[in-house]
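Q: These are the residues of each chain, in order.
Number of protein chains: 2
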Amino acid sequence: MKFIKTPVKGMCDMLPSDMRLREHVLSMIKKSYGQYGFMQIETPIVEHIENLTSKQGGDNEKLIFKVMKRGAELQRAIDKGDGEYADNGLRYDLTLPLARYYACNKEKLPSPFKALQMGNVYRADNPQKGRFRQFTQCDIDILGDDSSLAEIELITATASMLTQIFAEINITDFTIHINDRRILGAVALCAGFAEEDVGSVLISLDKFDKIGLAGIEKELLENGYAQETVDKYLSVYRAVKEGITIDAFCQGIDEAYLPAGVKQNLSDIIESVAPVLAQGVKIVFDPTLVRGMGYYTGPIFEITMDGYNFSIAGGGRYDKMIGKFSGQDVAASGFSIGFERIVTILKDHMQDASKLPEGSTAYLLGNKVSLERKAEVLSTARRLREDGTVVTVLPMAKNMKHQIGLLEAEGYTKFEKIYE
Amino acid sequence: MKFIKTPVKGMCDMLPSDMRLREHVLSMIKKSYGQYGFMQIETPIVEHIENLTSKQGGDNEKLIFKVMKRGAELQRAIDKGDGEYADNGLRYDLTLPLARYYACNKEKLPSPFKALQMGNVYRADNPQKGRFRQFTQCDIDILGDDSSLAEIELITATASMLTQIFAEINITDFTIHINDRRILGAVALCAGFAEEDVGSVLISLDKFDKIGLAGIEKELLENGYAQETVDKYLSVYRAVKEGITIDAFCQGIDEAYLPAGVKQNLSDIIESVAPVLAQGVKIVFDPTLVRGMGYYTGPIFEITMDGYNFSIAGGGRYDKMIGKFSGQDVAASGFSIGFERIVTILKDHMQDASKLPEGSTAYLLGNKVSLERKAEVLSTARRLREDGTVVTVLPMAKNMKHQIGLLEAEGYTKFEKIYE
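As given, the protein sequences belong to chains A and B, one line each in that order. So the first sequence is numbered by numbering that gives the first Met the number 0: it starts at 0 and just counts up by one. So the second sequence is numbered by numbering that gives the first Met the number 0: it starts at 0 and just counts up by one.
Treat the hints loosely; a few may be bogus.
Claimed, not checked - Under the rule of at most 20 Å between Cα atoms (straight-line distance), these lysine to aspartate or glutamate pairs were calculated in the EDC-like manner:
id, chain 1, residue 1, chain 2, residue 2
1, A, Lys367, A, Glu415
2, A, Lys29, B, Glu357
3, B, Lys319, B, Asp58
4, B, Lys397, A, Asp328
5, A, Lys105, B, Asp196
6, B, Lys354, B, Asp17
7, A, Lys29, B, Asp17
8, A, Lys30, B, Glu357
9, B, Lys68, B, Asp78
10, A, Lys68, B, Asp86
11, A, Lys29, B, Glu72
12, B, Lys346, B, Glu49
13, B, Lys231, B, Asp267
14, B, Lys68, B, Asp86
15, B, Lys416, B, Glu375
16, B, Lys30, A, Asp386
17, B, Lys107, A, Asp253
18, A, Lys416, A, Glu357
19, B, Lys29, B, Asp78
20, A, Lys400, A, Glu419
21, B, Lys4, A, Glu218
22, B, Lys54, B, Asp328
23, A, Lys68, B, Glu72
24, B, Lys354, A, Glu106
25, B, Lys240, B, Asp205
26, B, Lys240, B, Asp208
27, A, Lys68, B, Glu419
28, A, Lys68, A, Glu49
29, A, Lys231, A, Glu218
30, B, Lys61, A, Asp86
31, B, Lys8, A, Asp12
32, B, Lys4, A, Asp328
33, A, Lys231, A, Asp267
34, A, Lys8, B, Glu72
35, A, Lys416, B, Asp145
36, A, Lys68, B, Asp58
37, B, Lys105, A, Asp12
38, A, Lys68, B, Asp17
These are calculated hints, taken from the structure and not from any lab test.
Next comes chain A alone, as it looks inside the complex:
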């Protein structure tokens, strides 16, 4: 018998303590976003292979778990020998299925539509510490709103949610970084880069935190761009001081590259969000924020926790993506929360959330207990359960000390031993 005990490579079995923590975080996320009017939806984990390989997913398309055709269709594909053995695949993110979902169900949904998705996605990546092949993503998106109100709601909702979750481990300080793809583009064009090179230039600028301006200069020159253009481009970022305003940063950019509406929109967001943030949370214009995904078209944003060198949430506006699928442009902006990261941080700081609630009680029944005594125990257990207490009734193990030890590890604190 060829039986494999371990889970599939790169995927995890969740122990009860893992699940308690994950469920705790999920329920806080649901509640918090729910109060902001985001509505939970779900798409199947299995998606059409045509949709998954339609070039919207960038590198993720190389990592698809493909699902095989079945029956006669599979036989046809084998006979044909064209390698087209898959008709489906596992979704690699929640954004692509959302685009399909919205195209399919738009008529039944309020407009604008505020979606909350929490679910597993699959990437056949090389597994490494903290990176899995099945992991939970948590996204909010507002579809059909082309105004700054979409970003204001996305950012205030996420800041409020993170504030609530991290208050439990006394982390209160977050920074919301915000920028706009159109400003990033205007700076590059203004410096003399060609329109078609902007994407490549932004990939270099995106490494600012890792390699600094000197590293970016080196890379841009290596990529064959003229020294003069690179100098002009980087001089703009060299002049950046902490707390620089949008207007100050943009003052050298020609209106032809950057309409006033873009700056106004970005400062609208900042001015509207700032007053409703909790103590310790701030929103700053960050002219070096790029964010990797190619599909962003407007404001982009990221949240960092002071003292941690990674972002805990990130998103932006992607007005052109849904239209590529449905044939009809739909304004869209979204925020993706690093669920697995949040869980990892909480796991390090917060023992209680992975334990059973206070007062959880285990009745251990010896094998000589009479039916009458057992009936009494079950009746008491029923009353306690109705009052909301966690109660388990178990046969007493031969090695009771070991049994109790493992129950204590889960959070049971009261033990009633019934011998007869």
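Since chain A is already given, all that's left is putting chain B on it; use the hints.
A: Showing chain B alone in chain A's frame:
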């Protein structure tokens, strides 16, 4: 561009109202089983193909969604041309992954271990009304307890959970049917069937509700069994009257076929469960209860709702299954709840659970609203949200009546229109 808007065949997009109802039911299940000491666990949706095709899954193994090998491994399989293109598959139930999970994680878990699993399973079945290719299963299992306490806890926990859920639609009457595979076997052997024919005879008896004793007689004779054996066998079931006791039913069965311990165990379960059931719920010995799965070894049980002709939950003891995988027998008993059925019944009776909570408020902002006014609205919204109210802030649509109609359908009842 080849883009497909509809979900994959046989799988569903969940609308917000679907999700609210499903989340409501899931949270009641979690809470109720949690109070009985069942601990939530999770296994990956993707499972080793070797495990899925190890003959434990019966007909479900014909319905596997297979996941293709990737990269060099796939190329090797294609070059070899042996058709072994899949290394993984999507789980078709939660019991097989549980067996693997327990074999892998046993040392870290309390013993006996009370597991709660809620998750999606996948079967490439022909889709039909109410049957999907991705659907949610909800199972509880007790591993490592060979005593009747396991069944007592499984049954009381499930009865209590169903009572709570269905109280909301004023359904209070359930019947718990219970029988034992060893009694079913003893009756057949005693009538003169050969040991190796018992499985086939039980498959016929399982159709009692559909075809009655006359139909069973016809089928058994068609299957080539002797008239005399069939007569003797069915005479036992002909004598059954409502409310028959275990002892009365078993009185003609030789102790060689049926040790007294089996009867005692079953009546223990009934006597222990009955007193802790809610008003309207009863537990009855049902000698014609068979349950399809081949792997059951002891007590089997099912719950029906009076007035519905299908079971809402079913389960039994399967002491030999985990050992087949892990090489070490582990006593096991489980109960599987018809989650999709419960949701369907509630959907017909219960509008409220699929709506937003009372008092949910939508602010609709016209496009002339000043930054100052918007700030006031956001600040008010923040206060209401902190008090627990669902508040959404949206741009006013051109067709506001249509917009409000769709928001009302979700459950928004208060609308604040801000024009400037």
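Q: Starting from A/Lys68, check that the Cα of B/Glu419 is at most 20 Å away, please.
A: Violated: A/Lys68 and B/Glu419 sit about 57 Å apart, past 20 Å.
Q: Does A/Asp86 lie within 20 Å of B/Lys61 when you go C-alpha to C-alpha?
A: holds, 18 Å
Q: Would the hint linking B/Lys354 and B/Asp17 be met if the CA-CA limit is 20 Å?
A: holds, 9 Å
Q: Checking one constraint from the list: CA of B/Lys231 to CA of B/Asp267, max 20 Å. Satisfied?
A: violated, 29 Å
Q: CA of B/Lys4 to CA of A/Asp328, is that 20 Å or under?
A: holds, 15 Å
Q: Under the criterion that the straight-line Cα-Cα distance not exceed 20 Å, is the pair B/Lys29, B/Asp78 satisfied?
A: Status violated; Cα separation ~48 Å.
Q: For the pair supplied as a hint, B/Lys8 and A/Asp12, is the alpha-carbon distance within the 20 Å limit?
A: violated, 29 Å
Q: Verify the proposed pairing of B/Lys107 with A/Asp253, using a straight-line Cα cut of 20 Å.
A: It is violated: about 64 Å lies between the C-alpha atoms, which goes past 20 Å.
Q: For the pair supplied as a hint, A/Lys416 and A/Glu357, is the alpha-carbon distance within the 20 Å limit?
A: holds, 19 Å
Q: Verify the proposed pairing of A/Lys30 with B/Glu357, using a straight-line Cα cut of 20 Å.
A: holds, 15 Å
Q: If you draw a straight line from the CA of B/Lys346 to the CA of B/Glu49, is it 20 Å or shorter?
A: Roughly 39 Å between the alpha carbons, so the hint for B/Lys346 and B/Glu49 is violated.
Q: B/Lys54 and B/Asp328 were given as a pair; does the straight-line alpha-carbon distance stay at or below 20 Å?
A: Satisfied, since the Cα-Cα distance of roughly 17 Å is no more than 20 Å.
Checked against the numbered hints listed earlier, the structure breaks hints 5, 11, 12, 13, 17, 19, 21, 27, 31, 33, 38; every other hint is satisfied.
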